Amino acid sequence: MGLLFLQSLPGPKVFKCRCCKVDSAPHDAIVSKNFCGRYGPAYLINRVVNITMGPSEDRHLMTGWHTVNDIFCSCCQQLLGWKYEKAYDDSQKYKEGRFVLEKARVMKIG
Amino acid sequence: MESSDDIESRLSRLGSRGLIDTTQFVRIIIQSLYSLGFNRAASSLESESGVRLDSAQHDRLLFDVMSGRWESCVSTINSIPGIDSSSLINASYLIWKEHFFELIGSGCFLPAIEVLWKQISPLGVDSCRVHRLAQYLVCYEAMGQTGSMGSTVQRRISLFLDLVEVLPPYIRVPSGRLEKLVETAVLKQRSSCQYHNLPKDITLFEDHKCWPEQIPSTCSQVLLEHKNEVWFVQFSHNGRYLASSSSDCTAIIWTVEDDDMVVYKHCLMGHEKPISFLSWSPDDTMLITCGNGETSKLWDVKTSTLLATFSDPKRRIISSCAWFPSSDKVLCASSEPDNRIFTCDLAGNVLDAWEGERIPKISDLAISSDGRLVIGICSEKTIWLCEFPQGKEKVIREERSITSLSLSRDGQFFIVNLNSEEIHLRKLDVNIGDGVDAVFKGHRQGKYVIRSCFGGSGCSFVASGSEDSKIYIWRRKCESPIKVLMGHSMIVNSVTWNPARPHMLASASDDHTVRIWMAGCNPQPSKKLGESLIS
Numbered sequence: 001m002g003l004l005f006l007q008s009l010p011g012p013k014v015f016k017c018r019c020c021k022v023d024s025a026p027h028d029a030i031v032s033k034n035f036c037g038r039y040g041p042a043y044l045i046n047r048v049v050n051i052t053m054g055p056s057e058d059r060h061l062m063t064g065w066h067t068v069n070d071i072f073c074s075c076c077q078q079l080l081g082w083k084y085e086k087a088y089d090d091s092q093k094y095k096e097g098r099f100v101l102e103k104a105r106v107m108k109i110g
Numbered sequence: 001m002e003s004s005d006d007i008e009s010r011l012s013r014l015g016s017r018g019l020i021d022t023t024q025f026v027r028i029i030i031q032s033l034y035s036l037g038f039n040r041a042a043s044s045l046e047s048e049s050g051v052r053l054d055s056a057q058h059d060r061l062l063f064d065v066m067s068g069r070w071e072s073c074v075s076t077i078n079s080i081p082g083i084d085s086s087s088l089i090n091a092s093y094l095i096w097k098e099h100f101f102e103l104i105g106s107g108c109f110l111p112a113i114e115v116l117w118k119q120i121s122p123l124g125v126d127s128c129r130v131h132r133l134a135q136y137l138v139c140y141e142a143m144g145q146t147g148s149m150g151s152t153v154q155r156r157i158s159l160f161l162d163l164v165e166v167l168p169p170y171i172r173v174p175s176g177r178l179e180k181l182v183e184t185a186v187l188k189q190r191s192s193c194q195y196h197n198l199p200k201d202i203t204l205f206e207d208h209k210c211w212p213e214q215i216p217s218t219c220s221q222v223l224l225e226h227k228n229e230v231w232f233v234q235f236s237h238n239g240r241y242l243a244s245s246s247s248d249c250t251a252i253i254w255t256v257e258d259d260d261m262v263v264y265k266h267c268l269m270g271h272e273k274p275i276s277f278l279s280w281s282p283d284d285t286m287l288i289t290c291g292n293g294e295t296s297k298l299w300d301v302k303t304s305t306l307l308a309t310f311s312d313p314k315r316r317i318i319s320s321c322a323w324f325p326s327s328d329k330v331l332c333a334s335s336e337p338d339n340r341i342f343t344c345d346l347a348g349n350v351l352d353a354w355e356g357e358r359i360p361k362i363s364d365l366a367i368s369s370d371g372r373l374v375i376g377i378c379s380e381k382t383i384w385l386c387e388f389p390q391g392k393e394k395v396i397r398e399e400r401s402i403t404s405l406s407l408s409r410d411g412q413f414f415i416v417n418l419n420s421e422e423i424h425l426r427k428l429d430v431n432i433g434d435g436v437d438a439v440f441k442g443h444r445q446g447k448y449v450i451r452s453c454f455g456g457s458g459c460s461f462v463a464s465g466s467e468d469s470k471i472y473i474w475r476r477k478c479e480s481p482i483k484v485l486m487g488h489s490m491i492v493n494s495v496t497w498n499p500a501r502p503h504m505l506a507s508a509s510d511d512h513t514v515r516i517w518m519a520g521c522n523p524q525p526s527k528k529l530g531e532s533l534i535s
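Residue numbers (full-length UniProt numbering), protein chains in the order written: chain R, 1 to 110; chain V, 1 to 535.
The list that follows gives simulated cross-link-like pairs (lysine-lysine, PhoX-like), each with its CA atoms no further than 25 Å apart:
id, chain 1, residue 1, chain 2, residue 2
1, V, 447, R, 13
2, V, 394, V, 361
3, R, 103, V, 447
4, R, 21, V, 381
5, V, 273, R, 16
6, V, 209, V, 477
7, R, 16, R, 33
8, V, 188, V, 477
9, V, 447, R, 21
10, R, 13, V, 381
11, V, 209, V, 180
12, R, 86, V, 447
13, V, 361, R, 108
14, V, 392, V, 361
15, V, 188, V, 200
16, V, 361, R, 16
17, R, 16, V, 381
18, V, 273, R, 21
19, V, 361, R, 13
20, R, 16, V, 447
21, V, 209, V, 188
22, V, 361, R, 21
23, R, 108, V, 447
Facing chain R, according to a computed beta carbon distance under 7 Å, are these residues of chain V, among others:
id, residue
24, 231
25, 276
26, 380
27, 401
By construction, these hints were calculated from the structure, which means they are not laboratory data. Keep in mind the model is a prediction, meaning the values are calculated, not measured. Cβ coordinates follow ideal geometry from the N, Cα and C atoms, glycine included.
Could you build all of it, start to finish, from the sequences and the hints given here?
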């Protein structure tokens, strides 16, 4: 791969990828801490950096049908969570455009 | 001899759309024949076509001005059809002013006052000018400034030329009109020519059109010496060397021979980490290489010896550096643990530094070719322009992250590559507004640092690498690429256009190669025909 373009996050508290330690998300972009990911507890977060997205898929989650994209760390390709592309239930519309970040795949710094 | 009725019975309009009036066309031709010196041809054209170069009013006016018959001048002007009132006033003012000056010059003050009172003031021109004319009545010395350049004849000739400028253009054909029309058409063709890269003589016999082969289009060489991904290439300022840097921790200098072949010169070894950035000194004798998360090293180009290492006790990472035009100082930006911008000399001694809370993390740095402006990319989304050493600053925010920066050779413009697969072109000036001058799209970029460059003769093209292993070339005025070069098998990290040879482009890719692209040559059918006739 060529020279990876890595964004660095300012601010005292950030989440970094557990494997390769690049910045993944700022702490103040958290919307909810009580989410359930595929592999355990997760955060709902507004903004992530240094990720690549997988293809769009329709998945049946606990809260209904959604169109999601898996997100991977751009440095080590580890699966970090997914992005909500579209929610088919009106009560779930608030999730659109936001990301789910598995707590087990990131570590909190600061 | 044909009379002028015959010219009207011919086509009164020329051209495929009937836009050109035949009489005007013939007048312009006559005027250019006179100006080329073909007086006999011009006058026989006048008699044959019945069209006179100068209108009747023109001759009468010339006669009246030269003989000083001012009243009939004014009546001639009044008789010009289609003249508007402001031109009429200006022309009358000029005539009466000349009369006034001549009267003062010959000492007849009372008639001069009468002219001022009866002819000039009723015209309604700006009253300050009228008052200044009245001052000349009193003060002789002031006349010396405006008045008496040369004799009466010369003054009347210059009055006539001034008059002709104020009156409508059909009175007298402006000089050089035909040449000006042809030049406008040729310039328009040249600026709309898409592939105009190599300078070519303008011929009037056919429309100017450059072929797509005139910009680099075919791969002429594949350079295999690197053992790992090649991340950066750049030609030297004089176009005679090429430097490439790779993630195999080496940089290679190549020579560009006279026959456009690129030949291996030496390999610079000494870094322990992949080299992400290199920079030629403005006089092309030295090269700085920056390791990725490591120190920078200064090399001599001719002998490939290591001259200096820029490191400091705190082991900061130098992310990018730029040369001053005098080739003796370097501006570096470093980060981690704290952000710092510093100038240092060629031995590595720090001369000057800015550090502290306010200094942002700079990922890319450049200095304009006259050394006055520093431009940096801060915190990935902000462009920071600063007059050096202390001066005005300008901060421009971009919507998406900026991955790289490149300046044009004339120091007027710069381009930034954004993560959103766009390249933005802006003017390099502290006083510009925030708007983008041009946007280029079509390439792919998302994860990696992709570099682009200006190029071609006059820096009229922009080229960029891309994550889909192709090279995209745009014309500066157009958003979509005019050419896409294929040949690499992995992402193209960086492209560079030879500043001295606009037909040569080099590209660096993850497939371990550097490719050289050349423009194809033009077919020259007329030459071949000549040879076959002789043989």
